[in-house]
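Visitor: In order, the protein sequences belong to chains A and B. Counting in full-length UniProt numbering, the first sequence runs from 1 upward without gaps. Counting in full-length UniProt numbering, the second sequence runs from 1 upward without gaps.
Just so you know, these hints were derived from the structure itself, not from any lab. Keep in mind it's a predicted model, so treat the numbers as computed, not measured. Incorrect hints may have been included.
Below, in silico cross-link-like pairs of lysine-lysine (DSS-like), each with a Cα-Cα straight-line distance of 30 angstroms or less [stated by the list, open to error]: (1) B/K36 with A/K65; (2) B/K65 with A/K78; (3) A/K36 with A/K65; (4) B/K36 with B/K78; (5) B/K65 with A/K65; (6) A/K65 with B/K78; (7) B/K36 with A/K36; (8) B/K65 with B/K78; (9) B/K65 with B/K36; (10) A/K78 with A/K36; (11) A/K78 with A/K65.
Computed Cβ-Cβ distance ranges for the label pairs, DEER-style [unchecked claim]: (12) A/C58 with B/C58: 25 to 35 angstroms; (13) A/T93 with B/E20: 28 to 38 angstroms; (14) B/E102 with A/E56: 27 to 37 angstroms.
Backbone N, C-alpha and C fix where the C-beta goes; we use that ideal spot for every residue, glycine too.
Number of protein chains: 2
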Amino acid sequence: MSKQGLTVRSAGTCCTPISEAALDPAQAVEGAALFKALSDPIRLRLMSLIASNTGETCVCDLTDKFDVSGPTISHHLKVLREAGLVDCERRGTWVYYWPIPETLRRISSLLAVPAG
Amino acid sequence: MSKQGLTVRSAGTCCTPISEAALDPAQAVEGAALFKALSDPIRLRLMSLIASNTGETCVCDLTDKFDVSGPTISHHLKVLREAGLVDCERRGTWVYYWPIPETLRRISSLLAVPAG
């Protein structure tokens, strides 16, 4: 994905917030793809389970928390991975997932609004 | 929308970040709806145009920035309004929009990750 036009601001904020400058069409396409990855309740909950877990999360600990099939969970995890929100590694029988904080921080920064 | 389980933390953060606690199914449904509202490039750009403008934004200043019809813009603005991201008022011929910072802050807080 292109990072053109995204301004490095400080450790906590990586992008110019939309409350400070309007996105150009290319930035909007890139940003909307990130929001889309989190726009499904199962994916958002998977993301929160992975992000709130210290260290890695085994897929075996995720599937039993949902009333949907294993392949459905795998599909949603793939969407999160392709969006750069999580990464994973297969070890033996299971796949282990961990969050990519930079991507979460990037979305958060995009939405930052003045404290006032 | 239910705010059950969302913890008031400080002026800058209104919700428990997903990196601290996993969302329950109801919170995930509520959060995903907010992300969905911003998951379309036209809506995200509309949101950034409205949020980055000091004061109100006339719909007449929005439509000419997109290669889509007026009714399409109106549809997307309605989605943003129903999600609680903007509000509006009709005055004479035109409708004027302004952002609701609390909702942007809420999404941002949901994604907050430790600075480290």
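Visitor: The structure should be examined with respect to each hint, and the outcome stated for every one.
Guide: Taking the hints in turn, this is what the structure says about them:
no., hint, verdict
1, B/K36 with A/K65, "holds, 23 angstroms"
2, B/K65 with A/K78, "violated, 34 angstroms"
3, A/K36 with A/K65, "holds, 22 angstroms"
4, B/K36 with B/K78, "holds, 13 angstroms"
5, B/K65 with A/K65, "violated, 44 angstroms"
6, A/K65 with B/K78, "violated, 34 angstroms"
7, B/K36 with A/K36, "holds, 6 angstroms"
8, B/K65 with B/K78, "holds, 18 angstroms"
9, B/K65 with B/K36, "holds, 22 angstroms"
10, A/K78 with A/K36, "holds, 13 angstroms"
11, A/K78 with A/K65, "holds, 18 angstroms"
12, A/C58 with B/C58: 25 to 35 angstroms, "violated, 53 angstroms"
13, A/T93 with B/E20: 28 to 38 angstroms, "holds, 30 angstroms"
14, B/E102 with A/E56: 27 to 37 angstroms, "holds, 35 angstroms"
Of the numbered hints listed earlier, those contradicted by the structure are 2, 5, 6, 12.
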